[in-house]
Amino acid sequence: MNMLSPMPPPPVQDPRDRGGPAQPLMIARDLKKHFPVKSGPKGAVVRAVDGVSFTLFKGETLGIVGESGCGKSTLARLLLHLIEPDGGEIVFDGDPVAAPRGITVNALRRQVQMVFQDSYSSLNPRMPVRDSVAFGPYVHGKSRAVAREVAREMLLKVGLNPDLFGPRYPHELSGGQKQRVNIARALVIEPRMVILDEAVSALDKSVEAQVLNLLRALKAGFNLTYLFISHDLNVVRYISDRVLVMYLGSVVELGPVERIFTRPLHPYTVALLGSRPSMDPAHRIEEPPITGDPPSPINPPSGCRFRTRCPFAEAVCAARAPVLGDWLDRESHVAACHIHDPESGHSRAHGVS
Amino acid sequence: MVPLVEVNDLTVRFVTREMTVHAVNGVTFSVSPGEVLCILGESGSGKSVTLRALMRLLPPRRAQITGSIRVDGEDVLALDAKGLRHLRGGLVSMIFQEPMTALDPVYTIGHQIVETIREHKGGTHAAARARALELLELVKIPSPERRLDNYPHELSGGLRQRAMIAMALSCGPRLLLADEPTTALDATVQIQVLILLRRLQKELGMGTIFVTHDLGVASEIADRIAVMYAGRIVEEGPVADVLAAPLHPYTRGLLASTVHGQSRDHDIDAIPGSPPDLRIVPTGCAFAPRCGMAIPQCRAGIPEERHPSPGRMARCIRVDAPVPAYA
Amino acid sequence: MSPTIITAPPSSHFEEQVAPALMVRGYWGNVLFRLRHDRVTVFFGFILLLIILAAIFAPLIAPFDPYKESVIGRLKPFGWRSHPLGTDELGRDLLTRLIYGGRISLLMGVVPVCIATLVGGTLGVIGGFGGKRVNTVIMRTMDVFYAFPSVLLAVAISGAMGGGIANGMIALSMVFTPAMCRIAETATTQIKNLDFVEAARATGAGTFTILRFHILGNVLGPVFIYASSLVSVGILLASGLSFLGLGVKPPTADWGLMLSTLRQSIYINPEICALPGVAIFITSISFNLVSDGIRAAMDVRM
Chain A
1 MNMLSPMPPP
11 PVQDPRDRGG
21 PAQPLMIARD
31 LKKHFPVKSG
41 PKGAVVRAVD
51 GVSFTLFKGE
61 TLGIVGESGC
71 GKSTLARLLL
81 HLIEPDGGEI
91 VFDGDPVAAP
101 RGITVNALRR
111 QVQMVFQDSY
121 SSLNPRMPVR
131 DSVAFGPYVH
141 GKSRAVAREV
151 AREMLLKVGL
161 NPDLFGPRYP
171 HELSGGQKQR
181 VNIARALVIE
191 PRMVILDEAV
201 SALDKSVEAQ
211 VLNLLRALKA
221 GFNLTYLFIS
231 HDLNVVRYIS
241 DRVLVMYLGS
251 VVELGPVERI
261 FTRPLHPYTV
271 ALLGSRPSMD
281 PAHRIEEPPI
291 TGDPPSPINP
301 PSGCRFRTRC
311 PFAEAVCAAR
321 APVLGDWLDR
331 ESHVAACHIH
341 DPESGHSRAH
351 GVS
Chain B
1 MVPLVEVNDL
11 TVRFVTREMT
21 VHAVNGVTFS
31 VSPGEVLCIL
41 GESGSGKSVT
51 LRALMRLLPP
61 RRAQITGSIR
71 VDGEDVLALD
81 AKGLRHLRGG
91 LVSMIFQEPM
101 TALDPVYTIG
111 HQIVETIREH
121 KGGTHAAARA
131 RALELLELVK
141 IPSPERRLDN
151 YPHELSGGLR
161 QRAMIAMALS
171 CGPRLLLADE
181 PTTALDATVQ
191 IQVLILLRRL
201 QKELGMGTIF
211 VTHDLGVASE
221 IADRIAVMYA
231 GRIVEEGPVA
241 DVLAAPLHPY
251 TRGLLASTVH
261 GQSRDHDIDA
271 IPGSPPDLRI
281 VPTGCAFAPR
291 CGMAIPQCRA
301 GIPEERHPSP
311 GRMARCIRVD
321 APVPAYA
Chain C
1 MSPTIITAPP
11 SSHFEEQVAP
21 ALMVRGYWGN
31 VLFRLRHDRV
41 TVFFGFILLL
51 IILAAIFAPL
61 IAPFDPYKES
71 VIGRLKPFGW
81 RSHPLGTDEL
91 GRDLLTRLIY
101 GGRISLLMGV
111 VPVCIATLVG
121 GTLGVIGGFG
131 GKRVNTVIMR
141 TMDVFYAFPS
151 VLLAVAISGA
161 MGGGIANGMI
171 ALSMVFTPAM
181 CRIAETATTQ
191 IKNLDFVEAA
201 RATGAGTFTI
211 LRFHILGNVL
221 GPVFIYASSL
231 VSVGILLASG
241 LSFLGLGVKP
251 PTADWGLMLS
261 TLRQSIYINP
271 EICALPGVAI
281 FITSISFNLV
291 SDGIRAAMDV
301 RM
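Chains as they are written, first to last, in our numbering: chain A, 1 to 353; chain B, 1 to 327; chain C, 1 to 302.
Think of the hints as simulated: they come from the structure by calculation, not from any bench. Check each hint, because a few of them may be wrong.
Here are the simulated DSS-like pairs of lysine-lysine, each with C-alpha atoms no more than 30 angstroms apart in a straight line [to be verified]:
hint	chain 1	residue 1	chain 2	residue 2
1	A	142	A	58
2	C	76	C	249
3	B	140	B	202
4	A	38	C	132
5	A	58	A	32
6	A	142	A	219
7	A	32	C	68
8	A	219	A	58
9	B	82	B	121
10	B	140	B	121
11	C	249	C	68
12	C	132	C	192
13	A	142	C	192
14	C	192	A	38
15	C	192	A	32
The calculated label-pair distances, taken between Cβ atoms and stated as ranges, are [stated by the list, open to error]:
hint	chain 1	residue 1	chain 2	residue 2	range
16	C	33	B	81	23 to 31 angstroms
17	A	167	C	52	53 to 61 angstroms
18	B	238	A	145	54 to 62 angstroms
19	C	50	A	145	38 to 46 angstroms
20	B	77	A	44	27 to 35 angstroms
21	C	40	B	202	51 to 59 angstroms
Here the structure is a predicted model, which means the values were calculated and not measured. Where a beta carbon is used, it is the ideal one built from N, C-alpha and C, also for glycine.
Whole structure, please, built from the sequences with the hints as guidance.
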């Protein structure tokens, strides 16, 4: 079925929706990716993604926040099998990916697309952008002429006049225009889920707002599910339904967006939220919420990864890694912190939770 | 008070065979000693070019600079090579977004700071090293003795930024130029560096010009804000006033499109369109094509500065007219 | 499936471009524009064009028969009896032989480079895009060839296979292939890690499709630039081989060979002996400068 041809909008179920509305679109279980370190002691690895689990429900936007090196971009690539995971499992609409009786990676890639950060390398510099957009449909067996036509319509839908912009090369477009092309390229093959990896981060604020509006409109128009990766907490709060906070390759907190932003559980989330500039010159931030830089993911601290910067760190934090708790549910708000585990033995464990 | 920096009608054009880019088109501002001026603008607004012109860091063959720049009474555009050396690193220091561009990867942090001090101030190696240690302590680098002997790549992003700040401060500059020094940093590190810069600036009494695209950063550090668009300052004023009651439609649009606690139920009030092509000589208000309040007169000529209240300036012909609240 | 259809997005979502006229020159348009305004490149390009045209139309423009000897008219100076550049040691018209010699020199410069580009380029792209093992096999083999000085390698190969144009070309092709391979491999490795290639993989495109649409176009630029700079090396090497008697056989006209046979007459008529060398020099430097010009022009911001 071609979504680009106008058709009446009766709520016919998407034939690709196999699991029904209650089945999460994607479940990631204990995903792991360790990169070997080239220079350094033998056997040393970068624990880029180290046991990440989450659910992504149909039609929602899950925001993933974290600082550089926390593994959020690696996670995005793992979900599409652009990098092979070292461990863990991905379930797409009830079907395990690249597993016996599951769906193939290629089948997954027809339903999940990715928009990269706008950079000089996000579009082929030697290709007019309409060809970059038409590439997907062409790969999927459409003729060149049809692929071009589909690309034209998609460019129109992301707000670019195809006659004006289609023949241009990427270096002739502004950052915002390039990002619209990237979005068109992802949506043109009619995915059900889109991973947005820092998709608006490199854009100027006024352009970022335009693209965010566009993304929201497209999501409603095409029944999309978003995985929105960003380091900008304000943007994540605006666009996400639920939020996942990462630190050094693992999930520290997961929950509905307003709960995370108004009642954060994990000390790292608290610090991250407190690090946002005040936007009010009369009430500037006088003391940084936490000091120091994130440690290297090559030799992450034992136990809780955040303990080296955490104001509440105790012996138990070094001894045992806290667990996230029950993350499967849509409403659950969980944090991997001993403070919120009454049995952990942390001295604050009873007071806060 | 005599201003530390006086820039008058500065224009910068980049001329190549294929095209001329009008990067800065008549910028006038001044900075008092001990004051922080934030130049706020998006990419291509000319904010970084303005900053680099102050230190004559633009490629001399391609960049045509006119107007006047005076720093501490010295005419920067008339300086010879020797005068420039005295200016850079002595009177004026600059910190960058990416410290790896300012730090030499093949020398240790300590070596680089010591060399900078000895080049400008002379003195013995031991004295310079003692001063370098003081500087690392000043920028709150943990275990500074050890860090002196580290190479730049051995430091984390935040420490590297602090090391660059230490080097910039090594000769006691009276003017600090900062080009998006916190943009590449993580959120929890960015606020630390911002607070550090704010404190150092107060303690050392440096005049500072801080270029950023981030309203939040400006709100944390600025005394005054100058908003640039298409190579011109379109609005200027004390930071609190500009953020609370922006005069120019572009500033208002920028505030409205900066995501900050907006309701999730509505679209953001984005400014439509894209910034103008600076290869075309601007006539009229450069923002008019994107401005919801534009009237035919906006395109007739470049708007003059208007000063609706002391200390405030906006280049908009509609500034005195009552304006509907924006969002 | 039935998504709500967005037919016309709200106007606020639309990109207005105020002044598109300036921008639509395209990449190659920009390259041409730069080339046209580069006086050095245009000048030497023109000279190169003359040389190539002269070589192609040699029978039409050469004033004499290149093989017609004359016992009385040997080693005559410029302008002697309507021989504008004099005669060689067998009394043949030198201008004619220079024009004909250009054919061999250009052929020896261009053909091996083309072969090397094809072979080395293909191997390099495969090595760059293939897995680690493929890469190791290809690149280490190339390194073996790399380890020999190119002149020595060319001499050794033609020496082993015997002289002649064809063998000379094969020798030169083998000399250039490792270098071309290295350039193509480096370019491919750089390109394949860029986001747009990853995006293409994410649409489910196969290796061949990605190679064809996304890698080749981007690798061609650097490969072409490098190849154009190799042509002058090819001409020099070919001349060197002929000079050593490993290339073209007499009486064929070839600049290197002419240089070699005329060198005995250097005390009799030095300016005539130098002419083949001048021809080699002009051709080779023209190729070099034009190649530099193209490289500069193609270095357009992307």
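Cross-check of the supplied hints:
Taking the CA atoms of residue 142 of chain A and residue 58 of chain A, the gap is about 28 angstroms. The hint holds against a cut of 30 angstroms. Restraint check for residue 76 of chain C and residue 249 of chain C: satisfied, since their Cα atoms lie roughly 24 angstroms apart, inside the 30 angstroms limit. Proposed proximity of residue 140 of chain B and residue 202 of chain B is supported: the alpha carbons are some 16 angstroms apart, at most 30 angstroms. Under the criterion of a C-alpha separation no larger than 30 angstroms, the hint pairing residue 38 of chain A with residue 132 of chain C is consistent with the structure, at around 15 angstroms.
Simply put, residue 58 of chain A and residue 32 of chain A have alpha-carbon atoms about 24 angstroms apart, close enough for the 30 angstroms limit, and the pair holds. Using a Cα cut-off of 30 angstroms, the hinted pair residue 142 of chain A and residue 219 of chain A holds, with the two alpha carbons roughly 24 angstroms apart. Of the pairs offered as hints, the one joining residue 32 of chain A and residue 68 of chain C is violated, with about 80 angstroms between alpha carbons and a cut-off of 30 angstroms exceeded. Pair hint residue 219 of chain A plus residue 58 of chain A holds up; C-alpha atoms about 11 angstroms apart against a cutoff of 30 angstroms.
Between residue 82 of chain B and residue 121 of chain B the alpha-carbon distance is near 15 angstroms, which keeps this suggested pair within the 30 angstroms criterion. Distance restraint check for residue 140 of chain B and residue 121 of chain B: the Cα-Cα separation of roughly 23 angstroms lies within the 30 angstroms cut-off, and the hinted pair is therefore satisfied. Distance check on the hinted pair: residue 249 of chain C and residue 68 of chain C sit about 17 angstroms apart at the alpha-carbon level, within 30 angstroms; holds. Between residue 132 of chain C and residue 192 of chain C the alpha-carbon distance is near 13 angstroms, which keeps this suggested pair within the 30 angstroms criterion.
As the CA atoms of residue 142 of chain A and residue 192 of chain C are separated by approximately 25 angstroms, the hinted pair is consistent with the 30 angstroms bound. About 20 angstroms separates the Cα atoms of residue 192 of chain C and residue 38 of chain A, which keeps this hinted pair within 30 angstroms; it holds. Using a Cα cut-off of 30 angstroms, the hinted pair residue 192 of chain C and residue 32 of chain A holds, with the two alpha carbons roughly 24 angstroms apart. The hinted window of 23 to 31 angstroms between residue 33 of chain C and residue 81 of chain B is violated, with their beta carbons roughly 35 angstroms apart.
Judged by the Cβ atoms, the range 53 to 61 angstroms given for residue 167 of chain A and residue 52 of chain C is violated: they are separated by roughly 34 angstroms. Here the CB-CB span from residue 238 of chain B to residue 145 of chain A is close to 60 angstroms, well matched to the stated 54 to 62 angstroms. For residue 50 of chain C and residue 145 of chain A, the hinted distance range of 38 to 46 angstroms is satisfied, since their beta carbons lie about 45 angstroms from each other. Against the hinted window of 27 to 35 angstroms, the Cβ-Cβ separation of residue 77 of chain B and residue 44 of chain A comes to about 53 angstroms, which falls outside the hint.
Separation of residue 40 of chain C from residue 202 of chain B is about 56 angstroms and conforms to the stated range, judged on CB atoms against 51 to 59 angstroms.
In the structure shown, a violation is registered for the earlier hints numbered 7, 16, 17, 20, in ascending order.
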